[in-house]
Amino acid sequence: MKIIIAGDGKVGATLVRQLSAEEYDLTLVDVNPNRLDSSSERFDIMAVQGNCASMEVLKEAGGETADLLIAATSADEVNLLCCLTAHGLNPRLHTIARIRNPEYTGQIYKMRQAFALSMTVNPERQAAVEVERLLKYPGFLKRETFAKGRMELVELKVMPGSRLCNVTLNDLDSVVKCQILVCVVVREGKAVTPDGNFVLREGDHIFVTASIENLTKLLKNLGIITHKAKRIIICGGGRVSIYLAKLLQKSGITVQIIEKDRDKCEILAALLPSACIVQGDASDEQVLESEGISTCDALITMTGLDELNMIISLYGSKCKVPQIITKLGRTNSNGILDSLDLGSIISPKELCCNTIVRYVRAVENQSGAALAVHSIADGQAEAAEFVVDESTMHCNEPLKNLRIKANVRVAGILRSQTPELPNGDSYFSKGDTVIIVTSGQVIYQINDIFE
Amino acid sequence: MNYKMMGRFMGRILLVEAAFMLPALLIGAYCKEDDAVKGFILGVGVTVLLAVGLLQLCRGAGKGFHAKEGLVCVGLSWIFMSLLGSLPFYFSGEIPRFIDALFETVSGFTTTGASILPEVESLSKSILYWRSFTHWVGGMGVLVFLLAVASTADSKQGFTMHLLRAESPGPNVGKLVPKMKTTARILYMLYIVLTLLDVVFLLLGGMSPFESVCTALGTAGTGGFGVRNDSIASYSPYLQNVCTVFMFLFGVNFTCYYLLILKKFYNVFKDEELRLYFGMVLGSIALIVWNLKGYYSTLGETVRHAAFQVVSVVTTTGFATTDFDLWPNFSKTILLCLMVVGACAGSTGGGFKCIRILLVMKNLRRNVQKVLHPQKVQVVRINGQPVAEKILDNTNAYLAAYTFIFLFSFILISIDNFSVTTNFSAVMACFNNIGPGLEAVGPTCNFGAYSIFSKIVLIVDMLAGRLEIFPILILFSRSAWKHR
Chain E
884 MKIIIAGDGK
894 VGATLVRQLS
904 AEEYDLTLVD
914 VNPNRLDSSS
924 ERFDIMAVQG
934 NCASMEVLKE
944 AGGETADLLI
954 AATSADEVNL
964 LCCLTAHGLN
974 PRLHTIARIR
984 NPEYTGQIYK
994 MRQAFALSMT
1004 VNPERQAAVE
1014 VERLLKYPGF
1024 LKRETFAKGR
1034 MELVELKVMP
1044 GSRLCNVTLN
1054 DLDSVVKCQI
1064 LVCVVVREGK
1074 AVTPDGNFVL
1084 REGDHIFVTA
1094 SIENLTKLLK
1104 NLGIITHKAK
1114 RIIICGGGRV
1124 SIYLAKLLQK
1134 SGITVQIIEK
1144 DRDKCEILAA
1154 LLPSACIVQG
1164 DASDEQVLES
1174 EGISTCDALI
1184 TMTGLDELNM
1194 IISLYGSKCK
1204 VPQIITKLGR
1214 TNSNGILDSL
1224 DLGSIISPKE
1234 LCCNTIVRYV
1244 RAVENQSGAA
1254 LAVHSIADGQ
1264 AEAAEFVVDE
1274 STMHCNEPLK
1284 NLRIKANVRV
1294 AGILRSQTPE
1304 LPNGDSYFSK
1314 GDTVIIVTSG
1324 QVIYQINDIF
1334 E
Chain R
217 MNYKMMGRFM
227 GRILLVEAAF
237 MLPALLIGAY
247 CKEDDAVKGF
257 ILGVGVTVLL
267 AVGLLQLCRG
277 AGKGFHAKEG
287 LVCVGLSWIF
297 MSLLGSLPFY
307 FSGEIPRFID
317 ALFETVSGFT
327 TTGASILPEV
337 ESLSKSILYW
347 RSFTHWVGGM
357 GVLVFLLAVA
367 STADSKQGFT
377 MHLLRAESPG
387 PNVGKLVPKM
397 KTTARILYML
407 YIVLTLLDVV
417 FLLLGGMSPF
427 ESVCTALGTA
437 GTGGFGVRND
447 SIASYSPYLQ
457 NVCTVFMFLF
467 GVNFTCYYLL
477 ILKKFYNVFK
487 DEELRLYFGM
497 VLGSIALIVW
507 NLKGYYSTLG
517 ETVRHAAFQV
527 VSVVTTTGFA
537 TTDFDLWPNF
547 SKTILLCLMV
557 VGACAGSTGG
567 GFKCIRILLV
577 MKNLRRNVQK
587 VLHPQKVQVV
597 RINGQPVAEK
607 ILDNTNAYLA
617 AYTFIFLFSF
627 ILISIDNFSV
637 TTNFSAVMAC
647 FNNIGPGLEA
657 VGPTCNFGAY
667 SIFSKIVLIV
677 DMLAGRLEIF
687 PILILFSRSA
697 WKHR
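Protein chains in written order, with my numbering: chain E, 884 to 1334; chain R, 217 to 700.
Here chain R stands alone, though its shape is the one from the complex (with noise of 0.2 Å):
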């Protein structure tokens, strides 16, 4: 194992950390936030020795770097990064235990937004800026930005491709043009051209532009952290509404928006993944809107907090703008349902991703189908183009794991003795990243009740949902660390 490159990769990861670090260090020394000024330099300090350390040690690195590599990389990088980046939230002294700082970090990097703070609006600015920012950087990817940013002899390295597989969601993920540096750079320049776009959209409806930044960040990551106790409540219909159609646009594959900008209409307008992704919506809502009934004074209200809340968890977001645990159970149970969907593969969203949902679907159709006739010969297509069996395999293995996955950890935290739907609800929001559950972690609730053996499986839990779940399972794998 090259174990010497992984250190360097990490050393600099860990600087670009440290960089980002550094807007929310000067937003904490213009509001004059002494101990939040503090938190940021001690974990822009720990975080530059750490990485300058890293680079020192493994200099002379040798060349091998492959698939192994990438995915122990990809892991190890995210879990250094989460420990770095709670830093200042324990040094700050606004979280005051470390594994309370830790999981609030996670859920920032994963995109999760699950929190474990009883309320946020006591935070300084800093803090509260630092928690959306990890929520924009953790949705594209840090590894594709620093792709993105490398020099051309570092992305001339065959390991590329394979630390991008590792930390972009999908079954399969490809290139848009052949160069994997060029591929990053056009990701990130759509997804900071639309968070700018949602950002001027809020200022339009009167927030403040300290909230829209933080709220689009927030948006365009499909996080969930808010800036208000409670989340997008208070807003106006226009803001919520906003923020409805973001969300919505986050969680839709960045393939498409880069096919739009070719011309290629037709390709986007015919995709099936975007077809399935916007009838679920469309469908929800309409099953809610019934089901909610008198629930809200006007149908327009209900409409909107029913388009809200659908979007936000089936995008995996996570902001409310109602108690939705005071909902009807059918419309509660449709939620849960659209949690383990999740949103489009090749978007920053969450969950299980609806292009697996259409693999596993038709995949188990032709199996039904060879029941019945045994000698037909079928092949799965997607969007007209026939699916190579490995990566149907690829989808059936994901989906056994992320059900033992989800099974394990929901024994796991079941020892704290909380409600059955507490904690069903609070594996599926932390494994599909998505935030807010149910009861007792609701939308208007905490994680912080949670104890630190379940915390901790908790965090396991956001990492392995964010990453796919491969990256995170190899470093429990014997076979990962040991020689070849």
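Okay, chain E solo, but in the shape it has when bound (with noise of 0.2 Å):
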């Protein structure tokens, strides 16, 4: 499949990433060269300079035989111009905006008619969701559901003392006192699937599936706090704050933001009257200490500096903050990150990489994609939700008689609404939904996971 990626920043940079790895013909337009020159050094990909919403640019990218057009420069009218100008050139192409600006979300569903799109993608908005989810279930690093909701991948960390230190898997039901199953551990970096007779260890994090009733079940087992957030602090006035906010403004939950400078301040307290605006500089001590971080339920950093977030949420730990939440927008996790206390870490790029995937890949595949996909464990795992057809292989024959690729998982099977966690004896039939994790090759079909 023939794909154009209008823009190299950063959902550009790591969409040539993921994407460039599978069999796809990726090529890339940006106006600046030297971006181009380093990605087409780094990946396997075509790379075209020039404005992409010129149609002599499009051309030169073979926008005329192209199936997928991903517009994600910095500016949404460019995106919808690029996608504008590449359908009047081949009007059977799919292509895909990136679309920010918190004035256009009203009007998204018309601009999608209008603009002929087939999918617009708002990482901030996404980022935004994400946060809430994370505050509704406070003790999960990140949670991807699946199964429509009934079925839920969390991530874990195993903190110095927790009950999980040096548990081997297969004892694990007895320490927790509810079902839940272990697909991934990621130790100092690098991601495994474990076997029965893996041993945690503190430091570890954990991916682990279940339904929802044993989630709220496995926070109480382990002793971690799970009172909901009344009072927030978000640092940070930016659009995935602002999003944030009005999420929220229902719920009940006070949210103050600490935003430095003084008219943007002026534009939030006019766009969200039911936060409490602040002026100040998020980095110094004293303006937390005011705002009362010792207290607040929830601390989420979300300024526009991955550095500056990375602080105030380390400052957060050290007062003790029980859930805190940390934007990062320009770096890739690289596991070094895992030794700081940050908490839950939201990376708006990656979530919009994900969403376009999932994407592609129903469109390569028609049938038989995936529902769903996120990936997991700084991009070294991959959840994969599945539904299971006439053409899947092996239905009703239970999981210990098969023959599943080493780093494959079967993490969820849900039959007519109930959720079960796979055992050796579990088996799937048509019509159940099939949750797959795997650390090694990408899974595009159930039936990839047999050997």
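Careful, some of the hints might be misleading.
Claimed, not checked - List time: in silico DSS-like cross-link candidates among lysine-lysine, alpha-carbon distance up to 25 Å:
no. : chain 1 : residue 1 : chain 2 : residue 2
1   : R       : Lys397    : E       : Lys885
2   : E       : Lys942    : R       : Lys479
3   : R       : Lys486    : E       : Lys942
4   : E       : Lys885    : R       : Lys480
5   : R       : Lys220    : E       : Lys1073
6   : R       : Lys479    : E       : Lys885
7   : R       : Lys480    : R       : Lys391
8   : E       : Lys942    : R       : Lys397
9   : E       : Lys1129   : E       : Lys1031
Stated by the list, open to error - Only part of the chain R face toward chain E is listed, based on derived beta-carbon distances under 8 Å:
no. : residue
10  : Lys391
11  : Val393
12  : Pro394
13  : Lys395
14  : Gly600
15  : Val603
These are calculated hints, taken from the structure and not from any lab test. Glycine included, C-beta positions come from ideal geometry on N, C-alpha and C.
With the hints as a guide, bring both chains together as one complex.
What follows is the structure, given as structure tokens:
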């Protein structure tokens, strides 16, 4: 499949990294020749320099024969124009545009129709939605939902002194007294698919599937406090903060936003009547103290600088804030951040990328494609949701009799609305939804898990 | 430096080389050439052993493989390939001294075509085939071949771009399509098709099948190893003209052929490098024909010989239909200058490359303009597109490196006390991968008389010329081997 990516920014670069490893023909368009040079050196792609909204440049990039165009430049308007022009060149082209300006969120549906877009992505809004979900269930570093919300894949860190330290996976059920399945463990930055004899150690990040009810039990049995957040402090008044504050408006949570720029504060105050806007430098401990950081329920750092976010989060963990969420816009996690206490890490570009990759896979394999795809453990592992249909092999056979590839785990089976954590005797039948976690190769279709 | 990754890579190259030796072995067996067969069996055996050894030793390589490793890998691969490719010559006894066998092999892979053999007609068929085959695979590139046949998993590695760039000639190597593997495959497909066409036309002219294949392989790689002692002189005029045409075709940038397939005829027609190449060939032929008045009996014969020699030299093939060392000095000098210019980038030809000549000239003109009009800002254009300053800088650096290596080699081989013209043309011929020079290394002579030291210098020159200097130069630099 031929894909054109317009704009080698954060989302563009992440997409290139993920898609070039798979079998797609990628062409990258950008105005900046230096960025293009470094991208084309590192990845097996074609680079075209120019304005992506110009018809000539699109022709040179192969717009007439491409299957998909992803417009991810820094300006929404350019993205829209690019998609429109490309459509004029090639009516059968699928187009995805990134629209992040909050002023356009209301009209997204109409714009999709007017500009014939196949999909729009808004990384900031997705990040805000993700933060809201994390706030609902403090204690987990990350949550991915599958099977229409009935099964979850959560990330937990094994804290020093936790009940999970030095527990063998075979004995896990008796320690936490509920049914969970550990799919992937990230130890010192490397992802492994564990077997029953794996021993959990302090500092491990474990990815666990469980039904929603069992998750609450899990948190309780691990001794992690789960009272809902009543007052949260947000550092930085950017787009994500605006979306987040709007989402939390109805939930009765007190939102305090600390923003440095006076003019921005006035705009925020006008947009968000129910939030408390404070003008100040969030990196200043005095400001944080005076806003009551030691008694707040959650600290969310979302300034424009990743380094600043990290420092404020570290201060927050020193003040023993129960839940910390850090936004990292530019950095790739790389495992070194595991040793720092940054709480949950939100990366808008990764979220956006996951959505787009899922769409790409769906376009590529019309049938049998994953319903949902989530990249976990810093991209080292992937969790995908599939529906079992007629073409799936080995239906109704117990899992222990099946030869499944190494590094692939069946993490969950959903049968007629009931989630089930699979063991050796479980089987899947037609109509079930199956969740697969792989830390090795990508699984495009459910039959790929078999050897 | 990721030695393990490089080791694995070289292991794979050697396996490919062993596979290439097999057809020669079969030909030897079919023609009952026992010595040659022995040579090839030993050659294949040692190569496979070394390859397997490397692959086993270098398991568990890490992932870091960047531009530096790519360049070093290319240089080392070609050196190893040449060393092992000379084993059949040596073990079969047909080239008794190892240094001579190495010279012949390097001359083969780098598509030079310079030979140390006083006469070739007594060689066994399998050895002759192997000589010509080294031209064919060295012309388009062994690494490119590996890339074309490599599995998807291998080609996903980022370093493949560095390898392709390091081996392909030209200042700005681009891809035809987004995926590297597909680009490599397209190039080899075009290459195979053109070679087969050449074989067909030669067969139609009455050449024997064995000679057609060997000649076509040598033409395709723009190498120059012939199967007869007088190169192409004793073949019919039709066959000579066929060779002229095909040598010319193989000196064209293969991207142009791809564009023709995509029906972008206008782009090809307007290509500046192609026009320069074409113009130079026509101009040189005209000048030489004028200068050669009286040397040959008919005008047709003069044109035929002039055309053949001009095309042979400018594409750095090195076939000869006549002893051009007997020509008047004006014609000889034109040929000498054409040796430097070389063919188009992205072809199998050697030399400095037409596109670089264009870039250097245009840059020079811009600099002269700047002296007259200092405030003026100008951009150098090729085919209407502006050229990045980085490429111009690299081209100037290449020119400097080229000149220094040339002079240095020239001085070194003069120790052997041959004439100045001989030495000058010997370095010219080897560094530009042409083959025959003038006087003692002229088209009817060979390089056998040089000392071992000079042969080594010329071997390095041949490799440096084919790989465009830098991959060989950095092998001599300490910082390539130091840990970063």
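Status of the hints after comparison with the structure:
no.: 1; hint: R/Lys397 with E/Lys885; in the structure: holds, 15 Å
no.: 2; hint: E/Lys942 with R/Lys479; in the structure: holds, 15 Å
no.: 3; hint: R/Lys486 with E/Lys942; in the structure: holds, 19 Å
no.: 4; hint: E/Lys885 with R/Lys480; in the structure: holds, 21 Å
no.: 5; hint: R/Lys220 with E/Lys1073; in the structure: holds, 22 Å
no.: 6; hint: R/Lys479 with E/Lys885; in the structure: holds, 20 Å
no.: 7; hint: R/Lys480 with R/Lys391; in the structure: holds, 16 Å
no.: 8; hint: E/Lys942 with R/Lys397; in the structure: holds, 23 Å
no.: 9; hint: E/Lys1129 with E/Lys1031; in the structure: holds, 24 Å
no.: 10; hint: Lys391; in the structure: holds, 6 Å
no.: 11; hint: Val393; in the structure: holds, 7 Å
no.: 12; hint: Pro394; in the structure: holds, 4 Å
no.: 13; hint: Lys395; in the structure: holds, 6 Å
no.: 14; hint: Gly600; in the structure: violated, 12 Å
no.: 15; hint: Val603; in the structure: violated, 12 Å
The structure is inconsistent with the numbered hints 14, 15, although it conforms to all the rest.
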